[in-house]
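> Same order as they appear, the protein sequences are chains L and D. Numbering-wise, the numbering used here puts 232 at position 229 of the first sequence, and it's gapless, one number per residue. Numbering-wise, the numbering used here puts 283 at position 259 of the second sequence, and it's gapless, one number per residue.
Honestly, the hints are just simulated from the structure, not real lab data. Check the hints yourself; a few may be wrong.
What the hints assert, rightly or not - Covered stretches of chain D, going by a simulated chain L footprint (3 or more residues, C-beta under 8 angstroms):
{"no.": "1", "segment": "457-470"}
{"no.": "2", "segment": "476-486"}
{"no.": "3", "segment": "600-614"}
For clarity, every value in this text was computed on a predicted model and none was experimentally measured. Glycine is no exception: its CB is placed at the ideal position from the N, C-alpha and C atoms.
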Amino acid sequence: MSAANGTPPAPSTGSAANGNGRRPLLETRNLSVDFGGLHALDGLDFEVHEGEIVSVIGPNGAGKTTLFNAITATVEVAAGDIVFEGASLLGLDPNRVTARGIARTFQNVRLFANMTVLENVMVSQHCRTRQHAFGALFYTPSFRREETEIRERAEKVLSFFGSRLVGYRFDQPAFTLSYANRRRLEIARAMATQPKLILLDEPVAGMNPVESAELTGMIGRLRDEWGFAIVVIEHHMDVVREVSDRVVVLDHGTKIAEGDYAEVSTDPRVIEAYLGHGAETS
Amino acid sequence: MTATLPPQTGAAGASAEPPPAASRPALAQDWRRLVRMGAVGAVAQVFIALSNMPVRLDERVIVKPVLSLGYLTLLIVPFAAGHRVGHQVKREGMAVHAAGAHEMAGGAACGAVAGGGLSLLAVLLANFDLREPLVNWSPMLAELLAFGNATWFAVVIWLVIGAAVGALGGALRLLGPRTRRAVVTMALAVGGAAVLEPLVVDLAEGMRLEALTDWLYARRGGINWTSALGLAAASGILAVLGRGRIQQARTHIAALEGAQRTRTNGLLILATAAVLIVLPLFAGKLTNELLANVGLFVLLALGLNVVVGLAGILDLGYVAFFAVGSYSAAVLTAATSPRINPELPWLAALIVVVIITGLVGLFIGAPVIRMRGDYLAIVTLGFGEIIRLLFLSDWLSGWFGGSQGITKIPGAGIFGLTSVAGTDPRRVFYLVLAFCALAIYVSWRLERSRLGRAWMAVREDETVAEAMGINTVNVKLLAFVVGAVLGSFSGAIFSAKVGSVFPNSFLILVSIVILVVVIFGGMGNIVGVIAGSAVLIGVLGGPKQPGLLAEFSEFKLLIYGALLIWMMLARPEGLIPSVRRSRELHQQEMAQDAWLKGQVEDDNHDDGSSGPQAAPAT
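Start from the sequences and build out the full structure, keeping to the hints where you can.
Here it is, written out as structure tokens:
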């Protein structure tokens, strides 16, 4: 539990927290990210195992999105290490991290708004495909084969969301989609990069309860049917309760609690972090 | 009232009933707008007059003996002001005024104010001498304004002309859409025939149709007024007869699917190619020279289009690659090249040129590409100049001849069959045409590939593209290199065509002109880029190349600027835009339109079952 005590964590097996003994899929060791003088992440140890759904919760400014940004190499890591499948991710460009098998969505939906729905999903297979200018110019058989594959895979991924993103919507520009569908398309785009781990940043934010419940079920299916490990940042506690195998609570860049939903939701430190010092302590 | 309706009913109601015509405020209430528009017109007219355009262009006759290009530049302003003053913003739910006599009255008043600017100028010209700051403050201008009469005549006549022309502009609003189209077609036909006079004469000679041009044009330039009337009548009749036919054909083609669509497109491309191949055979030297110049700029613009239009990298130093292509071709082929002169055959040299320019593209691109937006634009601007200054410098003059340049460059030999030099513009045009076809093919294929999609994504949102696994640096660098190579083709042809290269052929102006061509024509669209070069380079002329309106060359940049401003205001996506690009620019309007038509899905009723309008109200 004592996360930030400064001792360098032992490599590999030592820090497996929920005790199944396997090497975690993703592991951050003593991870710190500074913004000027502010410690956005302060010696965080965090891990995700294969086939696991982990929720990251915490009050605003706790460092949840910074954790995602650090993993996907969009912010600079001040100290510590991020290990994915036994190899460090530090020093990689964001696109290399994606190529290693980590995909993400964004808190404020960031689609390629003027590309069509299908193109959005096709373009995110970039790092899984090889054809370059030569194939395109000479229209080689392998180029055509790959284009067909890209298209088929994109259609398959989109059909995961039922009929919402298929058919005539393939060729609609992304900006015409409804808010909920934009969120779905973002997830589809992440799926199309063929990751092992998906980082979802507030996937149900702005959705109505019906849509939110539907997407909650989808997060489970993402793991069960597609085999992704998933990390979810979420503020809706019913979603968190529904999907999580494990919940990690962050506050001020450190981990203040970890466990299943029942444990965490009753942990006094978590309640304090969310609600401040209770009147009963005085 | 429309706004409060639910989208579904809005869709049904919008098309059925036209918005009600409200009574229009009287002129007295509109005078501010009139005066403002008129004052803008007045300032514009004075500016045009003092830019010396009317005096210089007076020699170019449009309709003999009524109208010269010089007077046209002055008349167009009150016309535009008179037309514009009646403009109403039409949006859903806003009242629309019916057009009436006040359009003409307003136009006349506005035009008179605009013409008053010239009246004032005439008085000032007569009484003061401001030649010191204003070099075109000349007696010639005074004479032109007064039609050779006294000053009071100028004062009166410009008020009258302004009012009359302004009223005409207003009257244009009174016409129904069909008549207006006919009138516009007539004006365009006469204007076009006058502007294209050298081209038409040249082509007519080639096709032995001198009788036609003798009828159409006066001996010393300009259309005979009788012929102008005939031409206007003919084009008007054609416009009425053919109304909507072109539009129909276009929608018909757009509605075609799959194989049929491909076949139609193929036929269209073949037909265009056939015309372009046959046309030069009938054309004289002048036309071919013009076509070759336009072709060179099409080639450059296609290259820049890959960089700016597809990958969204604002490159203001594109001339660098044109320069490198020209110089390396010159060094490799010319016997007079100062340091090394391998005198390679042109095609062999071209391969080396492509490699060299590609490498230069990499070298310039590698540091530049990591920057974004404005910074990138400024740095590319710098590199464009650096390349030119290197060719100019004493340091490298042993290689490239400094300001003396490299001269006596042989023509481009094609497999020893023919040699293409500037003395035969027809061959140059065919060579350019071949390379344009290549460039079009390359841009077309790349746009529809994995790479093209990655460029699009980078243009849309670089950070997200990177997070989606696209190596943005590599992808952008590749766009830069492809653009550089396409530019080098143009450079290699240019040096063979002109026969000499000098550093001052590669001024920053060239970069700007190419960029203007791309923006004007329609960024990201191959046809648009070609149309942009044809209009700007063909009619107005390139940085050093005369266009059809050779008289304009002095005012070229002024007109470029005016066109660009107008384009940004009226049609920011360009002449023939790419679908995607206009989407980017009009995203919000389109989303709003879709909402009004009930095409946007409603989050609450979203069962995603079928077509856009099928969602039933629960």
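> Hint by hint, note whether the structure agrees.
Hint-by-hint comparison with the structure:
no. : hint    : verdict
1   : 457-470 : holds (count 4)
2   : 476-486 : holds (count 7)
3   : 600-614 : holds (count 5)
Of the numbered hints given earlier, the model fails none.
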